[in-house]
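Residues per chain, in single letters:
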Amino acid sequence: MDPRGSVVDRRLEGVRRIIAVGGGKGGIGKSLLASTLALTLAEEGRRAGLLDLDLTGPSDHVVLGIDACPPREDFGVEPRLVHGIRFMSIVAFVGSRPTPLRGVDVSNALLELLAITRWGTLDVLVVDMPPGLGDAMLDAVRRIPRAEHLVVATGSRVVLETVRKHLQLLRRIEAPVVGLVENMSRGGSAAVRALADELEVPLLGVLPFDAELEEATGDVARLSRTSVVGAVRDLARGLHGRIRRVRGSAGSAASGS
Amino acid sequence: MHELALAEAVVAAALEVAEREGLSAIREISVRVGELQRIEREVFEFALREVLPASEPRVADARFRVATEPTRLRCHACSHAFRLSDTSSPLDPDAAESIHFIPELAHSFLCCPVCRSPDFEVIEGRGVSIERIEGS
Ligand SMILES: Nc1ncnc2c1ncn2[C@@H]1O[C@H](COP(=O)(O)OP(=O)(O)OP(=O)(O)O)[C@@H](O)[C@H]1O
Ligand SMILES: [Mg+2]
Ligand SMILES: [Zn+2]
Chain A
1 MDPRGSVVDR RLEGVRRIIA VGGGKGGIGK SLLASTLALT LAEEGRRAGL
51 LDLDLTGPSD HVVLGIDACP PREDFGVEPR LVHGIRFMSI VAFVGSRPTP
101 LRGVDVSNAL LELLAITRWG TLDVLVVDMP PGLGDAMLDA VRRIPRAEHL
151 VVATGSRVVL ETVRKHLQLL RRIEAPVVGL VENMSRGGSA AVRALADELE
201 VPLLGVLPFD AELEEATGDV ARLSRTSVVG AVRDLARGLH GRIRRVRGSA
251 GSAASGS
Chain B
1 MHELALAEAV VAAALEVAER EGLSAIREIS VRVGELQRIE REVFEFALRE
51 VLPASEPRVA DARFRVATEP TRLRCHACSH AFRLSDTSSP LDPDAAESIH
101 FIPELAHSFL CCPVCRSPDF EVIEGRGVSI ERIEGS
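Those protein sequence lines, which keep their order, are chains A and B. In terms of our numbering, the first sequence has 101 at position 101, counting the first letter as 1, and numbering is strictly consecutive. In terms of our numbering, the second sequence has 57 at position 57, counting the first letter as 1, and numbering is strictly consecutive.
Keep in mind that a hint or two might mislead.
[To be verified] Residues on chain B that point at chain A, a partial pick, calculated with CB under 7 Å:
1) Ala9
2) Ala12
3) Glu16
4) Ser98
5) Phe101
6) Glu104
7) Ser108
Honestly, the hints are just simulated from the structure, not real lab data. Just so you know, these numbers come straight off a predicted model, no measurement behind them. C-beta: ideal position from N, C-alpha, C; glycine also.
Produce the complete structure using the sequences and hints provided.
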């Protein structure tokens, strides 16, 4: 018997809310959105965490310009605080080496990471979901049933074909979906809006295509000033009422579970 | 210590089993630790025997048997079966530490001694598993 699954909930019990950023399709901005959502939440004074669950193609450390984040060992491992974010990624353990993992290894590594990482008290943990509908995604959804899914799409038909399947799968397994976000937008796609309407998912934001983004990648101060992160900030504010503080601004104590 | 987190998982899992099977006291828990993860046995067993049972009456009197399981690997590329000791020189401390935390990271540091592929399977001796729980 594998004992690790029995402690995952306990490791996350101090986390008020978990937002999983996914979409099924590769290269649509899941990592960009997950990283900058955590960043803007932290900037606004929320206790934010970021978990990069893309174990074979981790990217959040690149977006946020984090080059070393060795975890602190303390009754498990405690994620480092970087740019105000509790950050955990496979790169914390392996640096820039390749991680050639088969499905069973991905499942194992993901479970090990969830079983040993102590998140402490957080208002929100943002999870960067791996692409595809394979082992990595299925395990992430299964091991973190509380996660609310924020789904990224673009106006491309090629992308929407897969995003639709991603949403249908989430619905089939009754995973909560918090909303859809259009990324790399050149002015609001009718096709994304139609998909949101069809599947009765709120369209929570539209992030513009931003030619400056590449230059700003890895530099949080510059990132913060880009139009796309401005739109992420609006998106985060839209989630305000939903992402509450563990301790309200008036100092009223609320339990973290 | 990371060993404490794993020991905590063992106790939590045992309590789940006790709940499911209607056991009011657990007498013995047999645990296997895979060679690959290089668990510090002393710390792990100390956690199991001294630290955790204090807060859990149902495991307070449990005996823990901990056995190390040797690691067996097999290459997907050339089918060669091998052991940890066959994979090159001793691991550098960083690699050992990474594998200690996440045993799958062996694929980032080790390779098949015949064809050098990192695409091998860990057949046995990966990490912590519970073999047997006895109680009444
Ligand atoms: N709104 C945008 N404007 C311009 N470029 C963008 C935008 N969003 C993302 N990008 C760029 O697109 C590329 C892919 O983004 P990202 O890595 O976040 O996608 P992903 O969905 O996480 O990919 P993967 O599936 O590989 O994990 C990156 O170079 C990123 O900077
Ligand atoms: Mg990504
Ligand atoms: Zn081989």
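- Which hints from the list above does the structure break, by number from lowest to highest? Failing hints: none at all.
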